[in-house]
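Colleague: What follows is the residue order along each chain.
2 protein chains.
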Amino acid sequence: MKLATYQDGSRDGQLLVVSRDLRLAHYTSQIANRLQQVLDDWNYLSPQLQDLSDALNAGKARHAFPFDSRQCMAPLPRAYQWVQGNGYASLSAVQEPSRQPQLAQGSGANLWGATAPIVCANAAWGVDFGAGLAVVTGDIPMDCASDRALDGVRLLMLCNAVQLQAGALGTLQLGAAFSPVAVTPDELGEAWSRGRVQGQLHVTWNGRKVGMCDAGADMHFHFGRLLSALAQARAVPAGTIVGSGTVGNKAIERKGRAEWPQGYSSIAAKRAMETVQDGQPSTDFLQAGDTVRIELKDPDGASIFGAIEQEVVGNGARAVSPASTAAQTP
Amino acid sequence: MKLATYQDGSRDGQLLVVSRDLRLAHYTSQIANRLQQVLDDWNYLSPQLQDLSDALNAGKARHAFPFDSRQCMAPLPRAYQWVQGNGYASLSAVQEPSRQPQLAQGSGANLWGATAPIVCANAAWGVDFGAGLAVVTGDIPMDCASDRALDGVRLLMLCNAVQLQAGALGTLQLGAAFSPVAVTPDELGEAWSRGRVQGQLHVTWNGRKVGMCDAGADMHFHFGRLLSALAQARAVPAGTIVGSGTVGNKAIERKGRAEWPQGYSSIAAKRAMETVQDGQPSTDFLQAGDTVRIELKDPDGASIFGAIEQEVVGNGARAVSPASTAAQTP
Numbered sequence: 006m007k008l009a010t011y012q013d014g015s016r017d018g019q020l021l022v023v024s025r026d027l028r029l030a031h032y033t034s035q036i037a038n039r040l041q042q043v044l045d046d047w048n049y050l051s052p053q054l055q056d057l058s059d060a061l062n063a064g065k066a067r068h069a070f071p072f073d074s075r076q077c078m079a080p081l082p083r084a085y086q087w088v089q090g091n092g093y094a095s096l097s098a099v100q101e102p103s104r105q106p107q108l109a110q111g112s113g114a115n116l117w118g119a120t121a122p123i124v125c126a127n128a129a130w131g132v133d134f135g136a137g138l139a140v141v142t143g144d145i146p147m148d149c150a151s152d153r154a155l156d157g158v159r160l161l162m163l164c165n166a167v168q169l170q171a172g173a174l175g176t177l178q179l180g181a182a183f184s185p186v187a188v189t190p191d192e193l194g195e196a197w198s199r200g201r202v203q204g205q206l207h208v209t210w211n212g213r214k215v216g217m218c219d220a221g222a223d224m225h226f227h228f229g230r231l232l233s234a235l236a237q238a239r240a241v242p243a244g245t246i247v248g249s250g251t252v253g254n255k256a257i258e259r260k261g262r263a264e265w266p267q268g269y270s271s272i273a274a275k276r277a278m279e280t281v282q283d284g285q286p287s288t289d290f291l292q293a294g295d296t297v298r299i300e301l302k303d304p305d306g307a308s309i310f311g312a313i314e315q316e317v318v319g320n321g322a323r324a325v326s327p328a329s330t331a332a333q334t335p
Numbered sequence: 006m007k008l009a010t011y012q013d014g015s016r017d018g019q020l021l022v023v024s025r026d027l028r029l030a031h032y033t034s035q036i037a038n039r040l041q042q043v044l045d046d047w048n049y050l051s052p053q054l055q056d057l058s059d060a061l062n063a064g065k066a067r068h069a070f071p072f073d074s075r076q077c078m079a080p081l082p083r084a085y086q087w088v089q090g091n092g093y094a095s096l097s098a099v100q101e102p103s104r105q106p107q108l109a110q111g112s113g114a115n116l117w118g119a120t121a122p123i124v125c126a127n128a129a130w131g132v133d134f135g136a137g138l139a140v141v142t143g144d145i146p147m148d149c150a151s152d153r154a155l156d157g158v159r160l161l162m163l164c165n166a167v168q169l170q171a172g173a174l175g176t177l178q179l180g181a182a183f184s185p186v187a188v189t190p191d192e193l194g195e196a197w198s199r200g201r202v203q204g205q206l207h208v209t210w211n212g213r214k215v216g217m218c219d220a221g222a223d224m225h226f227h228f229g230r231l232l233s234a235l236a237q238a239r240a241v242p243a244g245t246i247v248g249s250g251t252v253g254n255k256a257i258e259r260k261g262r263a264e265w266p267q268g269y270s271s272i273a274a275k276r277a278m279e280t281v282q283d284g285q286p287s288t289d290f291l292q293a294g295d296t297v298r299i300e301l302k303d304p305d306g307a308s309i310f311g312a313i314e315q316e317v318v319g320n321g322a323r324a325v326s327p328a329s330t331a332a333q334t335p
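Top to bottom, those sequences are chains A and B.
With my numbering as the guide, the letters of the first sequence map in order to residues 6 to 335.
With my numbering as the guide, the letters of the second sequence map in order to residues 6 to 335.
If you're looking for bench data, these hints aren't it; they were derived computationally from the structure.
Take these hints with a grain of salt, some might be off.
[Claimed, not checked] Coverage of chain A stretches by chain B, computed from C-beta distances (three or more under 8 Å per stretch; other residues unrestricted):
| hint | stretch |
| --- | --- |
| 1 | 84–92 |
| 2 | 112–124 |
| 3 | 225–239 |
[Said to hold, decoys possible] Selected chain A positions facing chain B (in silico; Cβ < 7 Å):
| hint | residue |
| --- | --- |
| 4 | 16 |
| 5 | 193 |
| 6 | 242 |
[To be verified] Just some of the chain A residues that point at chain B, by a computed CB distance under 10 Å:
| hint | residue |
| --- | --- |
| 7 | 45 |
| 8 | 127 |
| 9 | 130 |
| 10 | 147 |
| 11 | 169 |
| 12 | 177 |
| 13 | 178 |
| 14 | 244 |
| 15 | 245 |
We treat Cβ as the ideally placed atom computed from N, Cα and C, and that holds for glycine.
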């Protein structure tokens, strides 16, 4: 099933199920209002949501309404734990990959919807996007092996982990945006395999396609490894979000020069590639007014998670509210 | 007022108000069940809790019952953001203090009650206590000056930030325990001043008093500075917990030798002192069976927050459940 959370003026929003083709939605008020509630009591509540999802996909949900991704908060708008991993070794042709998963705790209080503006307090700070995947977990016990840890994956999402790359603060995770919908692993079919998502992650910067990386091929530490590492010293409670890190593919060598024909999923990665190729980076970080779009498509070209579409705005500037279409209550 | 959260089998527990002398408690079910609810809607709900607190302290609360700190979860058992600061410069006689507040994001999903066992998965890892204070915030806007940020302090607690000091993981925040009660700043009277808590933090290790540090004197970055730094790039949402860092006092020099007569609040600090004095550390980290007690007393010797009292246990070992005394429902 696919789940989303609509803005309703509250901090946690209103949970809904979304049809597989992302056209229709249905409120889940009769089952649960908030996604954290569902994660806290997954075995009891998720079958009820699945029934509603089945009815929606069969065209039999009575109060269905058109789904509008611009009304979405993050599927889980506030999380008790948000951790970014280092799943990919995209520069490994030239750099030794990390031998251990490394996990960076972030703030679960700064999770954004798919079309939230990226507000930057200081234009001098380099702002970077970071396109990847993320999982939402159930309860995973302490000291859990990676294959068993994978059983704790409840939902998958796309993720844009926004970092500040300069300034007195050093590198700081500013926040993260998530795809309009979170999906259960079964929605991915064979594309979810051995802790990895097989598929091309399309990254578009100011209308130009800059990344079409394969999300599965070069995921050095798959989600089971990342979750097992997180559980090494303590249990991982339900509602934890773990990011894959920026998706990337290994370099290929062409005429003695390292190349990355599938592009990049963050400016930091692009700059690292330029440094390898030319001795110095030449691509600047994001500017106010820049847009970033992130989407993963299935082999038939259908969007699985919906798209993350964000614009960078300065402090004080406010993004224009999207034209409200059809957030009808059931 | 003083607030606590009792275990009730749920993940968020049951909120209660506690009398100033920590003898009596009263459930707040008629107002709110969870502390996060109160923080989300502080202006509406906190006056109602204050009325109940006033009645309890006046002996007029009809369903009061004896307060038992062993029934407590952390006052806020799950937080959307938990950040440890570096408020103190206890080794500054020998080390240059940091010029900027430094904030380490932790997991808000691993917050423990005051008497929770410290479970260590691997006995070979050095486990350390870290006694300090912590604040729970309301909403603090982005780019907020330190004096205004202090207005966002809703509650204060004691904190034991437990770190693993060795092993392949490097230094890892294992989790943090909090005092039985969280108190509004007015409960501290003049002891809450300019973002600092004036008072002696008593730290007892295996029954031996090892720390009696003054929590106010050498707090280099007070809570307003720490909160302002956290808000530098993004808003700080209600329910964020910010720790002071390990409390410590500056060294004094006696016969050409640095000394810390008020002791220490973490083993790492003690080992750093030993390194200054003798060239190498001699105190080992915690062992299974060790106990740690942390308490702050007012000038009359009364406990303000109740005590954190924890025992270290190995993985698999379970702490003996405290004899249940008096968790009567109203």
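Colleague: Next, verify each hint and record whether it holds.
Modeller: Do the hints match the structure? See the list:
1. Residues of the stretch 84–92 of chain A lying with their CB closer than 8 Å to a CB of chain B number 4, which satisfies the three-residue condition for coverage.
2. With a cut-off of 8 Å between beta carbons, the stretch 112–124 of chain A has 5 residues touching chain B; three or more are needed, and the interface restraint holds.
3. With 3 residues bearing a CB less than 8 Å from a CB of chain B, the stretch 225–239 of chain A meets the requirement of three and the coverage assertion stands.
4. The beta carbon of residue 16/A is positioned within 7 Å of a beta carbon in chain B (closest approach about 6 Å), and the interface hint is therefore held.
5. For residue 193/A, the suggested interface contact is broken, since its CB lies about 26 Å from the closest CB of chain B, more than 7 Å.
6. This hint holds: residue 242/A has a C-beta 4 Å from the nearest C-beta of chain B, less than the 7 Å allowed.
7. For residue 45/A, the interface hint holds, the least distance from its beta-carbon to any beta-carbon of chain B being 6 Å, beneath 10 Å.
8. Evaluation of the residue 127/A hint against chain B yields a held restraint, the C-beta minimum of about 8 Å falling below 10 Å.
9. With its C-beta approaching chain B no nearer than about 8 Å, residue 130/A sits inside the 10 Å limit, and its interface hint holds.
10. Hint status for residue 147/A relative to chain B: holds, with the closest Cβ pair at about 6 Å, below 10 Å.
11. Look at residue 169/A: its Cβ gets to within about 6 Å of chain B, closer than 10 Å, so that hint holds up.
12. This hint holds: residue 177/A has a C-beta 6 Å from the nearest C-beta of chain B, less than the 10 Å allowed.
13. Interface restraint check: residue 178/A against chain B, minimum CB-CB distance 8 Å, threshold 10 Å, status holds.
14. Interface hint at residue 244/A: satisfied, since its Cβ lies 7 Å from the closest Cβ of chain B, which is below the 10 Å cut-off.
15. Hint status for residue 245/A: holds, given a least beta-carbon distance of 6 Å to chain B, under 10 Å.
Checked against the numbered hints above, the structure breaks only hint 5 and satisfies the rest.
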